[in-house]
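Novice: Residue numbers (my numbering), protein chains in the order written: chain X, 8 to 335; chain W, 3 to 290.
Incorrect hints may appear among the rest.
Quick list of the computed label-pair ranges, beta carbon to beta carbon [said to hold, decoys possible]:
| hint | chain 1 | residue 1 | chain 2 | residue 2 | range |
| --- | --- | --- | --- | --- | --- |
| 1 | X | Ser190 | W | Arg172 | 43 to 49 angstroms |
| 2 | W | Ser119 | X | Leu141 | 27 to 33 angstroms |
| 3 | W | Val81 | X | Gly144 | 42 to 48 angstroms |
| 4 | W | Gln223 | X | Asn286 | 22 to 28 angstroms |
Hints are computed from structural coordinates only; laboratory data are not their basis.
Glycine is no exception: its CB is placed at the ideal position from the N, C-alpha and C atoms.
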Amino acid sequence: MKRARNLLVAGAGLALALILPMAVDANGYAVRVLTLVLLFAAMAQAWNIVGGLASQMSLGHAAFFGLGAYTSTLLLIHFGLSPWIGMIASALVGGAAAFALSLPTMRLKGHYFALATLAFAEVFRVAANAWSSLTGGPVGLSIPYGEPSFLMMQFQDTRSYYYLALSAFAVVTVVFAAIKFSSLGYRLRAIRENQAAAEVVGVQTTKVKIQAAVISGCLTAALGTIYAQLNFFFDPDSVFAALQISIRVALITIVGGIGTVVGPLVGAVFIIPLEELTNVLFADKAAGLSQLVYGLLLIVIVLIQPRGLAALVGSALARRPKTSGAGT
Amino acid sequence: MMVSFIQALLDGLMVGGVYAVISIGLTLVFGIMGIVNFAQAEFLMIGMFVAYFLWSVLGLDPLVGSFVAFAVVGALGYVLQRTIIKRVLKAPAVAQVFLTVGLLIVLENGALLAFGSQLRSVSVSYQTLSWKLGPFFISVPYLAAFAMSVLSGLALWLFLNRSWFGWAMRSTAQDPMAAQLIGINTDRLRAIAFGVGVGLTAFGGAVVLPYLSVFPTIGGQFIVLMFTVAVLGGLGSVAGAVVGGLAVGVITSVSALFLPVQLQNLVLFLVFIAVLAFRPDGLIGSAR
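Bound conformation, chain X alone (with noise of 0.2 angstroms):
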């Protein structure tokens, strides 16, 4: 019944998503919009499997994005390669990052895991801006314009972004609902509540973190090939920033719901748009401001509810005949 239920609705809701970007101006700013928050949201959803699913709160995810941005771009620039297929090089090589993270960070718990993630994401965006002869440098680097067409992933319209973006979050909450509801998924949720009793049990903890934490890395690296595609050019403090991608993405899967299915999007929708809003409306009033009120807003949705909106529009459901939330 209740899975009946999830499915017609996601159904409903990719329906939408399909018809929606022929509301609005094939080019315009608001398919950008909307670009952005799908893109976004699956970055939020990658995220989940580390953040969520083993609750372990990574702030370096910009780490693998960076490198599934610089991966591919490289490729497309010196060897002229498809980014479909820089994409899987991105991919493999933002799970090698996150393997290679978790043998020192496995062990570490809560606040230590944050930080050690933090400035592993830091190490790449110093290394990228000083190794000028590979990366560019801060300078950044600029897809190499040429005809539109599927094959090197470049599209004349904004809509066909889009749609890639739609693809890449469908696929990544797939990848995210089967680990939840598959046996990694309650192993996870085993260390999550308790990792000695996990232990004891036979779950093999150390094991099944990392093979979160690859999975997790290679969907974001892959995630990054798609926005450098989408954007033209990046920078180091672009794709490694931590406020912009990695705290970000965290920040939009607390404010949806950690954990659950849908947090991600919920988030992204409420984020992205609100973050362009107060960019739109304060940007020329002075430098700053927009951001000033989007600190505010994140301290305020903390005191406020710190299991996301997520729980919010849940508690206020359960008020209503019982029906359960979005799951823990």
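Since the structure of chain X is provided, determine the placement of chain W on it from the hints.
Specialist: Just chain W, lined up with the frame of chain X:
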């Protein structure tokens, strides 16, 4: 080579003394409340601005202004703890992290709005002065900042170990329930601890003003450094932060000898991750 190495060591120790003081604030807040304050470096920035304006408006030397910076930021911290931070003390780590990250964004951009993004620096008579000591040079502003740091460190030590407040604070950290039972107002003590913690960081910001310019985003340059120092010494350990501060000062200063300036931070990050991985309780053992 040997001379420049020892010179780097001396500079590193002097700068490291300041690092110790700004990080003590971070470690103190964690030790007593169990909160990692991501916004801590912003209080350093505010302390620098307080000292800067005292200098530019009243002509007060930043070394004197540092005491005002301590008081002003300490009061701000007290209020922030009682109004905002207090509410997440029992919340999950996620809420604590994001609350302080939100605070970071607000403070940084608030400063950007109020003061603009330009660099400001003070000019004092001893700014470029240095004493010759054999083949070595002792920079006077470095030495002054170091001396002030030692002074504040001693004052904090007396405060924590010889005053009723210090005793009550340590009781609160150890067992809040028992502390309350013997009549300690733990809420108020936590607020004082937070005030003293961010006040010390502001103090450290003020004393480096003679050799560093202030701008709204300067906190970003110190945040990882502060965490490295605090974790190196063991989060929550004040004595550890002193050792960690000196170590980080020497590491950055010595690595500057053979690495380009952009890569200095990289060394710091790698040290940080390595320490977290191998000695998460700090080099000199667990404090709590």
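Novice: I'd like to know which numbered hints this structure contradicts. Please list them from smallest to largest.
Specialist: none
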